[in-house]
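*Asks:* As a plain string of letters, each chain reads:
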Amino acid sequence: MAQVPPLPFGPAAGGLPGVPDQLSVETTVDQERAIAQPGVKSDELAGAPELGFWRLAVIRFFHHRVATGALLILAVIVLAAVVVPVITGGLYSIQDYRHPYKAPFQNWQHILGTDDLGRDELARLLRGARVSLMVGILAVVGYLLIGGGLGALAGYYGGWLDNALMRFTDIIISMPFLLVVIAVTAATGGVRLSTVIIVIAATGWFEIGRLMRAQFLVLREQEFVQAARALGASNTRIILRHILPNALAPIIVSATLGVSGIILLEAALGFLGYSIPPPEPSWGNMLSDFEQYLLSDHTYLVIFPATALVITALAINLVGDGIRDALDPRQR
Amino acid sequence: MSDLLRVEDLHTQFHVHGGTVKAVDGVNLTIPAKATVGLVGESGSGKSITALSIMRLLEKNGRITQGHVFFHGQDLVGLPDEQMQEIRGNDISMIFQEPMTALNPVFTVGDQIAEAVRLHQKVDHEAGLNRAVEMLRLVGISDPKRRAGQYPHELSGGMRQRVMIAMALSTSPELLIADEPTTALDVTIQAQILKLMRNLKGEFGSAILLITHDLGVVAEMCDSVAVMYAGRIVEQAPTEELFASPKHPYTQGLLASIPRLGKKQERLHVITGSVPNPLAVPPGCAFRPRCPVKAPRSDRDIPGLKPNGSTAEHLVACWQYE
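Chains as they are written, first to last, in the working numbering: chain A, 1 to 332; chain B, 1001 to 1322.
A hint or two may mislead.
What the hints assert, rightly or not - Simulated DEER-style distance windows between Cβ atoms:
| id | chain 1 | residue 1 | chain 2 | residue 2 | range |
| --- | --- | --- | --- | --- | --- |
| 1 | A | His63 | B | Val1123 | 32 to 42 angstroms |
| 2 | A | Trp160 | B | Val1293 | 42 to 52 angstroms |
| 3 | A | Trp160 | B | Val1187 | 10 to 20 angstroms |
| 4 | A | Ala164 | B | Gly1149 | 52 to 62 angstroms |
| 5 | A | Glu221 | B | Arg1063 | 14 to 24 angstroms |
| 6 | A | Trp160 | B | Thr1272 | 38 to 48 angstroms |
| 7 | B | Gly1078 | A | Leu217 | 28 to 38 angstroms |
| 8 | B | Ala1256 | A | Ala164 | 49 to 59 angstroms |
| 9 | A | Glu221 | B | Asp1081 | 12 to 22 angstroms |
| 10 | A | Met166 | B | Arg1063 | 43 to 53 angstroms |
| 11 | B | Gln1121 | A | Ser174 | 12 to 22 angstroms |
| 12 | A | Ile172 | B | Ser1156 | 45 to 55 angstroms |
Because the hints were derived from the structure by calculation, they are not lab data.
Built from N, CA and C at the ideal position, the CB exists for glycine as well.
From just these sequences and the hints, can you work out the full model?
*Replies:* In structure tokens form, the structure reads like this:
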């Protein structure tokens, strides 16, 4: 260590009279620690819980009454859709010609009545819920994989890759969704649920893709990314471990809201006869089967699937809004 | 002393709208093992870019166009990325100016230090965490076990910089590059952090390249100093030598512009003019437009860094001594 002659400036300039020279050059590491500790102690909040970002978000979410209620309703719908059809088995397709159009809320055997072929309406609704939720979730997973992956690559690497991927995105955005569904259905020889899921995922990922790209564009310039690189982290590691967890909040919100959008889309396709083929029920094809009853008798056959659709979509949207508020309290 | 790092004729250029910026324009710098070398200069003089060039962490539009960076005799320029990743964080670590943003907000500091260790050593997370707690204790953080479980936002700026230092030193690197490590901290914390670095340097035996614009920090910390101006080193000398007898007009101006306690001054000394536009550096010596000496030849030719001081280690790039 160079013995620098005392300079008439700087923090080590001999100390001002009356000021304890705590920080003089001569203290040892241990003394330094001893000095550091009282200051450290003073800013401790005794007993204050130490909570991470996600724990705090969960707490904020459950302080949000509407969102919590919506989550509860959604949980009931999901649980019923998953569990009940397992118990009732093929009930949704059992036809009872002696009891068609049984009105709802009349007896326990068919709480929500029966349809034109005497099939139990509740069983069909729950079976339809399965279809809706499955399409919603699988297609959103597709959004996340395609949009998330491409967006992350475009945002992180930038340059020509970004340009190419963004132009590709522009092409996807300009695709006529309905025509694609019809064309793919025709080309693959029939109406299939997998077609619906794949086409929705393949044409709808751009929003999450752009969101992810925007996140990565901002985050890759952050100093902690530079610091991670300086520590010897690889690109893959930086993308997955350092940037992705920081980019997730808006992606989660967008994906949640995406599920309800997809469910409505699937219902529309079902209504047009391009979703799951009969006798499998979906909310969309239930609506189209009984649309003529809307303003006459048996209105319930339209009301029930429509209500199920609206309640589910609304619950998902409210949960999504709750997540948004929980993840970014400033945005309220 | 053997040389740990030898930078030879390093040129780094950036392509921007309007042309090419020669951010680093022929830097020569030697860091002996276990030494502390200061790199001073004003904003935009190329100090940070020199450091980032050594680490090969330049932005995409920046490129090392010429020169070598020898670390243990191995040229880092042109080394494959995988090997460079091995060296980063393991043999050469870096700490940054802003402790507020240099830590990942979604992980606990313990996890982050453990990760830094595990990037270079084959240990499990448990061992990494133990090392993290040990490092936090070493950098003077009380109750390190509890602190390791906290998130960056729960720590003060000074503590975060301690965490950064703990992270950088967790692999016992031979060279620590500190890019203005105290600029963002308030003065009392600055002094603590500087002293911590000096003490830990003794314990870990790392050499330090300290980048700063604060000559007071240099005086306290460094064995030798290099002064940068417009991408070039204009003077290099052992610290006391430089402060006692600065040779380059720029260094003289810098030292004269420091306020002194106890000496009543109406105005501080000012170096007239401003740093040249990096897109249009004048021919010859870049400092000439602001230079009080304006030595002959300096309008045409760039002066080389030569021993012109009282000792062989005192190098200066100025035509007035030719």
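*Asks:* Each hint: holds or not?
*Replies:* Cross-check of the supplied hints:
Separation of A/His63 from B/Val1123 is about 41 angstroms and conforms to the stated range, judged on CB atoms against 32 to 42 angstroms. Our hint of 42 to 52 angstroms for A/Trp160 and B/Val1293 holds, since their Cβ atoms are close to 49 angstroms apart. The hinted window of 10 to 20 angstroms between A/Trp160 and B/Val1187 is violated, with their beta carbons roughly 47 angstroms apart. One distance hint, 52 to 62 angstroms for the beta-carbon pair A/Ala164 and B/Gly1149, is violated here, with the actual separation near 43 angstroms.
Hint check: A/Glu221 to B/Arg1063, Cβ distance near 19 angstroms, so the stated range 14 to 24 angstroms holds. Distance hint for A/Trp160 and B/Thr1272: a CB-CB separation of about 46 angstroms, consistent with the stated range 38 to 48 angstroms. For B/Gly1078 and A/Leu217, the hinted distance range of 28 to 38 angstroms is satisfied, since their beta carbons lie about 30 angstroms from each other. Distance hint check: the CB atoms of B/Ala1256 and A/Ala164 are about 55 angstroms apart, consistent with the given range 49 to 59 angstroms.
About 20 angstroms separates the C-beta atoms of A/Glu221 and B/Asp1081, a value consistent with the hinted range of 12 to 22 angstroms. Distance hint check for A/Met166 and B/Arg1063: the Cβ-Cβ separation is about 25 angstroms, which falls outside the suggested range of 43 to 53 angstroms. Range check, B/Gln1121 to A/Ser174: about 51 angstroms between beta-carbon atoms, so the 12 to 22 angstroms window is missed. Taking 45 to 55 angstroms as the suggested C-beta distance range, the pair A/Ile172 and B/Ser1156 conforms, at roughly 47 angstroms.
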